[in-house]
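J.: Construct all of the structure, not just a fragment, from the sequences and the given hints.
Number of protein chains: 2
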Amino acid sequence: MGALRLPSLTLFAAAAAAAAAPPLAGRSPASSLLILRRHQRRRVPRLISKPFASISSELSTHSAAEKAHSPPPLEEEEAENDERRRRRQEGFISSRSQDFNGWYLDVIANAELADYGPVRGTMVIRPYGYAIWEAIQDYLNVKFKETGHSNMYFPQFIPYSFIEKEASHVEGFSPELALVTIGGGKELEEKLVVRPTSETIVNHMFTQWIHSHRDLPLMVNQWANVTRWEMRTKPFVRTLEFLWQEGHTAHATPEEAEKEALQMINIYEKFAYDQAAIPVITGRKSKVETFAGASRTYTIEAMMGDRKALQAGTSHNLGQNFSRAFGTQFTDESGQRQLVWQTSWAISTRFVGGIIMTHGDDTGLMLPPRIAPIQVVIVPIWKKADEKSMVLNAALSVEKELKTSGIKVKLDDSEQRTPGWKFNFWEMKGVPVRIEIGPRDVSSGTLVISRRDVPGKQGKVFGVSMESSTLIAYVKDKLDEIQSSLLQKAITFRDSNIVDVSSYSELKEAISQGKWARGPWSASDAEELKVKVETGATIRCFPFEQPNGTKKCLMTGNPAEEVAIFAKSY
Amino acid sequence: MGALRLPSLTLFAAAAAAAAAPPLAGRSPASSLLILRRHQRRRVPRLISKPFASISSELSTHSAAEKAHSPPPLEEEEAENDERRRRRQEGFISSRSQDFNGWYLDVIANAELADYGPVRGTMVIRPYGYAIWEAIQDYLNVKFKETGHSNMYFPQFIPYSFIEKEASHVEGFSPELALVTIGGGKELEEKLVVRPTSETIVNHMFTQWIHSHRDLPLMVNQWANVTRWEMRTKPFVRTLEFLWQEGHTAHATPEEAEKEALQMINIYEKFAYDQAAIPVITGRKSKVETFAGASRTYTIEAMMGDRKALQAGTSHNLGQNFSRAFGTQFTDESGQRQLVWQTSWAISTRFVGGIIMTHGDDTGLMLPPRIAPIQVVIVPIWKKADEKSMVLNAALSVEKELKTSGIKVKLDDSEQRTPGWKFNFWEMKGVPVRIEIGPRDVSSGTLVISRRDVPGKQGKVFGVSMESSTLIAYVKDKLDEIQSSLLQKAITFRDSNIVDVSSYSELKEAISQGKWARGPWSASDAEELKVKVETGATIRCFPFEQPNGTKKCLMTGNPAEEVAIFAKSY
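Taken in order, these protein sequences are the chains called A and B. Each residue of the first sequence is one higher than the last, beginning at 1 in full-length UniProt numbering. Each residue of the second sequence is one higher than the last, beginning at 1 in full-length UniProt numbering.
Just so you know, same-sequence chains aren't split out, so a pair can sit in one copy or run between any two.
Distance condition first, Cα-Cα at most 30 Å in a straight line; then the derived DSSO-like pairs of lysine-lysine:
(1) Lys403 - Lys270
(2) Lys410 - Lys422
(3) Lys259 - Lys400
(4) Lys422 - Lys460
These aren't lab readings, by the way, just hints derived from the structure by calculation.
T.: Shown next, in the form of structure tokens:
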């Protein structure tokens, strides 16, 4: 695998053309993203909004180099498309260690997880990527219902005036809004916000529905799309429109709201560990990083393969901030009118990006079995025509048995590709287990099993019995083993990249090495912002798990109650 | 139950105030809707767009009468809210036979299926209504996957220029578009359409993904929200934003596309009959009524309780209309470039409205067991304190047994309400089966079962054994019986309201009686439009089931190949 950056997402033939030229030394991920945008701009010129243009000029230090790779005319693009497709079919992916961002984009393109939409910053989630999102939904949906939440649906158009009602909320969201100003051919009297999140409209409705303490707790959730006009986008991680679930609850007491906010972050944490094999660190956000409108924000923070942090899910204790703004009251048992106490919590399609960036390797995607759309792929191998039906029959029967036992299995019996090509292809797609069946295997009633997470012969077991119950037990064990192994590997990686620091210079050193820094913190918001400006790192959280003993703030030397974790983040 | 119209949806306290005044003689459903809008306008004055104002004046014949019921000041609204809530808690619902529209809105409010959003024409789908939608999703999602479709997600923002590419598509949709013109605080260079449907963006992407005949068929589906700037809205039936699934497929031959379009309308038909107990009539749309951009549209048409038709699902053979507009081509086996043949098909939250309007009665909602969020409600009955624990224990054990066997059961053990109140409440919510357990039942090891669809003592069975396996079998049988019975009743109603006609005067007579007219048709589009103007009825479909023998067009007397069904519709 070369280090050549190949942003091979289907739409951007032009980007691929640029990549075919020699790589630019020291090109940062940000500038690579810029190239994609610039090319998108050329292909669909009228779609580009003014804010894009301004970013373009801000980052103009890169533009001279980029101009050297102006896009070829359409015919050449077509040819390049074919060239790129050929390479993709050969499993070409940038080196993960040398160009993490290029690797990420290549994996997304090659594994057909997503593609760019025609509007800058939007993303099409392709079936294989969407199936991962469905696995996330299936698990969480059950947990939400078990804990007493009902699904429902709020409209996505929110009157602009609603957004203005909660002071810090409007401050946080107004720069990112998409506004509908025309409906049915006429200009609207009030602009409509395409929801960036739903606290305001939820409270508007809660105010109609909640009257008495008997109406509480009110606990709902919706699976929906949301829109935030982001300037720097990246598939899954940050897109103009994304999919998420947003839970919203109202309670009679602050204690109940706090308990709910903690319960939900714990559900997210358990999902991350048990299903996605991502050893997140759970904690509380600093005041600076708290959600716009919340009293307290809990978060799960994941370490990606490039050691940047990804905020993978959040749960907010909203206090009475929104109920005060919207007058959401109830009559308590003694007949007094009280404002409700609220929470909201969300996980989005960003989590799919987290899965890719936690487990993938130079070969491509690597999926934890519990969220893999395909857990086992069967590749039949034959040379002579008379071997074919024998091998295929055995493969079909293995497929049927595994499917019946609840394993997600795919038989790749296409005749256009060689077994070797199929091996590479399904490894790149991150399928945890491969079963190979050849003529000799059929004769001996056995098959070969390969693990995606252990490369080469070391991950291969020959002579596994085809006998149904033995095979099913064996495969299920293997899947469990892979699931644990991926989590263990990620824990080891995480722990070896967190440095305990006791001074600002140690913090700066750790961050400059690309690591996370953990140290006692009781300094001001201003000092927190200074760290951000000087190092690029932010407080990811005050982790729930805290060391014992007295602590001194790494910045001020004053006593500190807690350690904080600092890191650069997505 | 009185005939008083009570549009008691939570948000519209003002509407309720107007309704408390004497009803206006001969007020049509359209004018009732107008009242809701007008009040909405008063409550959130800045939200009303200009198109609303223009409609208002078009329908100004009603405005004098309506002005007499101007909304009370806020304090009075609060009081009226309480009054309305009290009535709702007593199960007050307008008479279905005398005021079908008022009845429909009351059922939606009382059963807490939906509420109005703050923006005109938008709807909040509340948990009980959303659970019906989830039952629809659960069934169809499995069927879609069984027939080879994958879920995915396309962005909702579509460049305006895309909509213009297919001539009849732009003509059909451009009056209904919501447009985003501002993003991130800046005016956009090209307006973005909030998707009214996704054919254009789907084709834009298909063009990138489809290269060879080996890429076909491409069969995908998405569950999504869509926006159409409708002037006359009605909860579930027609709202500014609604939820749906939209399937999109591309094929190598016209025969495959036609087969797919038919397969999907058949899946919808089967769903309607088997799950929703709605005996739809399946057929082909006339040219006039065909989807904007389709070559052929298939439809399932349902007869509502007021005998108006509801188009409940459609499947379109798009031919090469969109592939031509977007250049969606593939290389066939002989190396020739060909345009793909396509389909699209959709069912929306409108179907929930169809379920309400097919099965409900004066008591409220009536849900077919297979799509009911709660299939069985258990109401424990006790008077003395010492009876309570005995009865509750028995009820809990019955609940547990039914739940374990897969029945959706709810135990209503709240102490704030009498058993009588609970009976009415859960009947209004349409729960198919009620189980009553009192002290004497517990002593004899039996319970009482009541059917929602058979009122009074006739629907009650005493002395049903509590013994687990007997009870479970009994309840499952009962649910099946109710499911069949609802379908049978709907079939009888439908068939007694379709009239075979052989002349235009017979057609007019049938339509004026509120019935559907079925007769041979081979006349022109102009004559079809004349029928619409003169009678208010449109061709709902040319049904797949056709009578034998030669036919003469009811309008022209010329030979006709097929009979068409004419009806007024939603």
